[in-house]
Each structure stands twice: as C-alpha cells, then as structure tokens.
Amino acid sequence: AQSVTQLDSHVSVSEGTPVLLRCNYSSSYSPSLFWYVQHPNKGLQLLLKYTSAATLVKGINGFEAEFKKSETSFHLTKPSAHMSDAAEYFCVVSDLSGATNKLIFGTGTLLAVQP
Amino acid sequence: DTGVSQNPRHKITKRGQNVTFRCDPISEHNRLYWYRQTLGQGPEFLTYFQNEAQLEKSRLLSDRFSAERPKGSFSTLEIQRTEQGDSAMYLCASSLPTGDNEQFFGPGTRLTVL
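Chain order of the listed sequences is A and B. Throughout the first sequence, residue numbering follows my numbering, covering 1 to 115 in sequence. Throughout the second sequence, residue numbering follows my numbering, covering 1001 to 1114 in sequence.
Just so you know, these hints were derived from the structure itself, not from any lab. One or more of the hints may lead you astray.
To be verified - So the derived list for chain B, only partly shown, Cβ under 8 Å to chain A, looks like this: (1) T1038; (2) G1042; (3) N1051; (4) Q1054; (5) L1055; (6) E1056; (7) D1100; (8) E1102; (9) F1105; (10) G1106; (11) P1107; (12) G1108.
For glycine and all other residues, C-beta sits at the position ideal for the given N, C-alpha and C.
Let the sequences and hints guide you as you build the complete structure.
Following this line, the structure appears as structure tokens:
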C-alpha cells in the first residue's frame, strides 16, 4: 500500500530564509509523487511532480523537491521564502496498485512566513 | 476558463436534507475523481470515474452517497439525509489517462450541515 507522512504539521520561517517541508513515502511500486499547495479559500494547485525521471524536480514559484529512494523521502525546498508562500502544503503519492491511480494525501504542513 | 469547475461553491443545509453537487472537468479529461477534505486534514478519495463508468468507490462513501457521470462529461455527487458529519469540502479533480496521473482540482464545494 502507498502512503505519505509529512513530518511537520506547522513550519514557521522568516521572509527571505530557506524553506524545508519534509515528506517520507511508502510504496510497493516506483512511486509518482507530487506536492500540492492550498491557499486559504482557494483550490489545490500542483507545485511539482516526480515520475521516475530526474530525481531533482523543479516546480513553480522557485520550489524544488528531491526524490531520494534510499531515504524514501521527497522533501520540498525553496531557497528564500516570500510572504505569498504562506499556505498549506500537501505531499501526495499516486496509488498505482489498481486502475484508478487515486491520490493519497499527507496530513499537510501549514507554512507561516514571518516578516 | 478551461479549468475544473464546481457548483455550488458553498452549501448550507439542515440535517436530513438532500444535497447535490456538480463538477465539470476539463473537457478532454476522461478520468474524474471526487475527494472529501475535512478541517485540518488532507483530501481523501471518495470515488473514480473513467468516462461514464464508476470504477471505484471508497469505504467512506456510505449508501447515502451516490455519484453519477451519465455522459462521461460532468459529474454529480448526491448526499441523501445529510448528517452533521458530512460537513466538509468536496473536491473534484480530472486527469488524462497518462502515466504521471497529474490531477487538476476544482475549487471545491464547502458543505455545512446544521
């Protein structure tokens, strides 16, 4: 069975400092992994995706994530936080065990950016 | 706008009433998903359609819930005899049948059951 664990429910950083949101996955298959962001009262937006190509994945708004099979991790990073990055972030794995490829979400990390 | 749309955006109802939500996926996407998100949690899968066929239903989908996608385009999710525990954000997503399964989400319908 596939699952993801987001290690921090809340992360607070100062504007201009690096962001690290941690995610570990469990999968019996070569996983498809995603990071989605959800701003208050807005829909889920895809930040980036890993689908067994390059292990370092670049996404929108300066975010990156590195797939590390040996550590079963897919941490999200950004060199310099902006106030507009304050939102909830979800690490997601695609369930490839059946035909549906449904998404399995982590519990989310709420990112606060202090001025 | 060519994204996924959902209507209504908000629904307040009294316990015991029936409600129906609509999702219009991106036009060329044949895969359609419904998820439910409760406060402070990540979305959870409810059901999946490939074209008009409903191929999987989660155990979360009790017999009070029914979903349809009659012509393989828009979908509806109906909840009968609503309960306070049904209060949540109901999200719809669609995707192409490609290997990476990137799903595009609508803005959701927020249901409040009083």
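Under the constraints set out in the numbered hints, which ones does this structure not fulfil? Per hint list: 1, 3 and 4 violated.
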